[in-house]
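Visitor: The residues making up each chain are set out below.
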Amino acid sequence: MLRILNKIRKTGIVTEPVARDRSLDELGIELKRLVDRRMRGSFAIRAVDAGSCNGCELEIHALNNPVYDVERFGVHFVASPRHADALLVTGPVSRHMVAALQRSYAATPAPKWVIAMGDCAVDGGEFRGGYAVLGGVERVMAVDLVIPGCPPTPTALLRGLLALLQVHDGA
Amino acid sequence: MSRFDWLSELLARCEDEHVLVRHGSARRLRPAHLLEIDHEDWGRFAAVAHSQGCRWSAVWGEQVDEALFSLNACFAYRGDYLVVRAPVAIRQPVLPSQAPWFPAASRPERHVQDMFGIVFSDHPDTRRWTRHKGWPEGHYPLRKDFPVAGLGAHDVAADADYPFAQIAGAGVYEIPVGPVHAGIIEPGHFRFQAVGETVLNLEERLGYVHKGIEKLAEGRDAAGVARLAGRVSGDTSVGHTWAACMAMERAARLSVPARALWLRAVLAERERIANHLGDIGAVCNDVGFAFAHYQFSRLRESWQRVSDEVFGHRLLMDCVIPGGVARDLDAVQVAALKVGQGTLRRELDALLPIVDDHPSLEDRLLGTGVLSLHTAVQLGVVGYLGKASGVDYDVRRDHGYAPYHRLNVASPLATSGDVASRVKVRAEEIGHSLALLEQLLDGLPDGATAVSWTPPAAGAEGLGLLEGWRGEILCYVRFAADGRVARFFPRDPSWLSWPALEQLIHGNIVPDFPVCNKSVNASYSGHDL
Numbered sequence: 001m002l003r004i005l006n007k008i009r010k011t012g013i014v015t016e017p018v019a020r021d022r023s024l025d026e027l028g029i030e031l032k033r034l035v036d037r038r039m040r041g042s043f044a045i046r047a048v049d050a051g052s053c054n055g056c057e058l059e060i061h062a063l064n065n066p067v068y069d070v071e072r073f074g075v076h077f078v079a080s081p082r083h084a085d086a087l088l089v090t091g092p093v094s095r096h097m098v099a100a101l102q103r104s105y106a107a108t109p110a111p112k113w114v115i116a117m118g119d120c121a122v123d124g125g126e127f128r129g130g131y132a133v134l135g136g137v138e139r140v141m142a143v144d145l146v147i148p149g150c151p152p153t154p155t156a157l158l159r160g161l162l163a164l165l166q167v168h169d170g171a
Numbered sequence: 172m173s174r175f176d177w178l179s180e181l182l183a184r185c186e187d188e189h190v191l192v193r194h195g196s197a198r199r200l201r202p203a204h205l206l207e208i209d210h211e212d213w214g215r216f217a218a219v220a221h222s223q224g225c226r227w228s229a230v231w232g233e234q235v236d237e238a239l240f241s242l243n244a245c246f247a248y249r250g251d252y253l254v255v256r257a258p259v260a261i262r263q264p265v266l267p268s269q270a271p272w273f274p275a276a277s278r279p280e281r282h283v284q285d286m287f288g289i290v291f292s293d294h295p296d297t298r299r300w301t302r303h304k305g306w307p308e309g310h311y312p313l314r315k316d317f318p319v320a321g322l323g324a325h326d327v328a329a330d331a332d333y334p335f336a337q338i339a340g341a342g343v344y345e346i347p348v349g350p351v352h353a354g355i356i357e358p359g360h361f362r363f364q365a366v367g368e369t370v371l372n373l374e375e376r377l378g379y380v381h382k383g384i385e386k387l388a389e390g391r392d393a394a395g396v397a398r399l400a401g402r403v404s405g406d407t408s409v410g411h412t413w414a415a416c417m418a419m420e421r422a423a424r425l426s427v428p429a430r431a432l433w434l435r436a437v438l439a440e441r442e443r444i445a446n447h448l449g450d451i452g453a454v455c456n457d458v459g460f461a462f463a464h465y466q467f468s469r470l471r472e473s474w475q476r477v478s479d480e481v482f483g484h485r486l487l488m489d490c491v492i493p494g495g496v497a498r499d500l501d502a503v504q505v506a507a508l509k510v511g512q513g514t515l516r517r518e519l520d521a522l523l524p525i526v527d528d529h530p531s532l533e534d535r536l537l538g539t540g541v542l543s544l545h546t547a548v549q550l551g552v553v554g555y556l557g558k559a560s561g562v563d564y565d566v567r568r569d570h571g572y573a574p575y576h577r578l579n580v581a582s583p584l585a586t587s588g589d590v591a592s593r594v595k596v597r598a599e600e601i602g603h604s605l606a607l608l609e610q611l612l613d614g615l616p617d618g619a620t621a622v623s624w625t626p627p628a629a630g631a632e633g634l635g636l637l638e639g640w641r642g643e644i645l646c647y648v649r650f651a652a653d654g655r656v657a658r659f660f661p662r663d664p665s666w667l668s669w670p671a672l673e674q675l676i677h678g679n680i681v682p683d684f685p686v687c688n689k690s691v692n693a694s695y696s697g698h699d700l
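So the sequence lines, in the order shown, correspond to chains U and H.
Take the first sequence: its letter number 44 is residue 44 in our numbering, and every next letter is one higher.
Start counting at 1 in the second sequence, then tack on 171, and there's your number in our numbering.
Simulated from the structure, these hints should not be mistaken for lab results.
The beta carbon of each residue, even a glycine, is placed where N, CA and C say it ideally should be.
One should not assume that every hint holds.
Derived DEER-like restraints, expressed as beta-carbon distance ranges [to be verified]:
1. U:Ala156 - H:Val622: 45 to 53 angstroms
2. H:Gln263 - U:Glu138: 38 to 46 angstroms
3. U:Arg128 - H:Leu537: 46 to 54 angstroms
4. H:Leu537 - U:His83: 49 to 57 angstroms
5. H:Pro347 - U:Glu138: 25 to 33 angstroms
6. U:Arg9 - H:Asp613: 45 to 53 angstroms
7. U:Arg33 - H:Ala461: 41 to 49 angstroms
8. U:Ala107 - H:Thr625: 48 to 56 angstroms
9. H:Asp563 - U:Glu30: 18 to 26 angstroms
10. H:Ala339 - U:Ala110: 36 to 44 angstroms
11. H:Glu308 - U:Ile29: 54 to 62 angstroms
12. U:Ile13 - H:Lys509: 25 to 33 angstroms
13. U:Arg33 - H:Arg577: 54 to 62 angstroms
Given the sequences, and given the hints that come with them, work out the whole structure.
Guide: Encoded structure:
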């Protein structure tokens, strides 16, 4: 136990802004301000993999690591679409995931947003034109925001979430 | 021990069992040995390979012309690889299965059945596997008459009527889970039958992220296939791209500069370490040990940032290209990599002992999700999953390929086969990979980082085999005219590890499923293709 406490003490707080990325700090403050105002302090996201290669999922995980620690901005990933304000959809929408994606959308209470994350979710990406994919989330449901990248970095993801809230902030 | 010194014995057994070997070649799919047999001997050959002690590795088909499929299966023995090939008439595409001898062949053969319409006559399980409702029954995507874009509008309904195995009895109840899981992970369906908290049976239903990768590769050039291979499974981008490039370079008889090979190995070991770090933390998280989760995810983040700074991508995508690698390293970058490695080693020296003897972690991980050596061998599992159950095989060490054949490759081994062993093996692999990275960076040869790609003649084929972070990756590529790819088949090790998860969960409690699943961490995308 002492070793654990010691390691925690020595590690300190790794959550940025301490390190290099000042822009992350500013990004976070702005995001937090908007989440507070627009979402009353809590922005709940349900991630749905609709045929991703798992690259996007790894970067969503990174958003939850102690360096980005996205929960400090009021953004958190929830287990059920029923608790979500937004769906974060990855992948080119494989035909075999269409029904599950639609059901996840139906289970999300309105008002709700749909975010298409990654090049695949935007237009099918590397898998566009294949028999087994629809080629982007837009083919199934209205998309409020796209975050391109293969995969988008955690910072790009944060910027995307910020942009979504800015667009819908009082406009 | 010389290479293929066991082959004459196998050929003699073939003769005893009346398996007619029509042709053999040590060159065509080098370094594998190719044997051509008749389709009716397909099952009997598996019996011979089984009696020899071979491990079953992969099966893939291909439509050769209007009348013929060609079916291939790969076997491994003592670090050597053997590919058997049989022609199958499209008019009557029926042949015996290899699954009665090798359970590992069961789902891959069902994939072949769904994609080509080839029927395995004595297959123990003829239900569809990869196909849900994405295309109509009776149509086969990898046949040449099936358009890349598909057959137009068709059903995208849920695959609601898949016939799962049933268990009846007092107190038995069923838990359907997925395809959308509670966490941020890939989709797949698990059907549990349980009594109280104890799992009686688990059946997996995969295929939800099937993207038609094999078909999409047809007609692409080498660079396009390499890009696609990098997205077969996003966590194994280096592994699959390297395997695909290895196959294409062998087909083209292209010799890759030593510096490029050394850099590929640097990328591959970095990918291995990144995934092991993330997963060790995630296993701890699944039993509520948040401390380790945060520590390891912090280490993974630092590691990925160095990858981004030096190689330009956090997941190292598109760094391997046909003919070499996309970027060179200068002295400053080598130094940056070494600093990162040193830091990681120091951090792990402090962290791993904590994980290793933390009582509550021991309580949850020791004896949980046991995969016995017997089952592991039966299922032919590879990588850390096999190593944790006593299967001592590593493609880098036992098969040997450049640059590992010039390095000192160590591979860990455990025998208990539980979650704790898998964590331990992966932690040790990080240490070995760090040692390899030091050897690689210290011995980095001078010279070019790539040669220009020259496409081979139509019909040229090649096989890539390497140790990805999950274990053995196999990749087959055949070229058509104009440098276009006619067939691309990537076999992720997850094909072999998914069936093991169904076995090792028996008798465990339902709440331990997440930690068991994470300790195996098979890829959905790499499997569903």
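Visitor: Run every hint past the structure and note whether it holds.
Guide: Hint by hint, here is what the structure shows:
no. : hint                                    : verdict
1   : U:Ala156 - H:Val622: 45 to 53 angstroms : violated, 34 angstroms
2   : H:Gln263 - U:Glu138: 38 to 46 angstroms : holds, 44 angstroms
3   : U:Arg128 - H:Leu537: 46 to 54 angstroms : holds, 47 angstroms
4   : H:Leu537 - U:His83: 49 to 57 angstroms  : violated, 35 angstroms
5   : H:Pro347 - U:Glu138: 25 to 33 angstroms : holds, 30 angstroms
6   : U:Arg9 - H:Asp613: 45 to 53 angstroms   : violated, 35 angstroms
7   : U:Arg33 - H:Ala461: 41 to 49 angstroms  : violated, 28 angstroms
8   : U:Ala107 - H:Thr625: 48 to 56 angstroms : holds, 53 angstroms
9   : H:Asp563 - U:Glu30: 18 to 26 angstroms  : violated, 54 angstroms
10  : H:Ala339 - U:Ala110: 36 to 44 angstroms : holds, 42 angstroms
11  : H:Glu308 - U:Ile29: 54 to 62 angstroms  : holds, 55 angstroms
12  : U:Ile13 - H:Lys509: 25 to 33 angstroms  : holds, 27 angstroms
13  : U:Arg33 - H:Arg577: 54 to 62 angstroms  : holds, 56 angstroms
This entry does not satisfy hints 1, 4, 6, 7, 9, going by the numbered hints stated previously.
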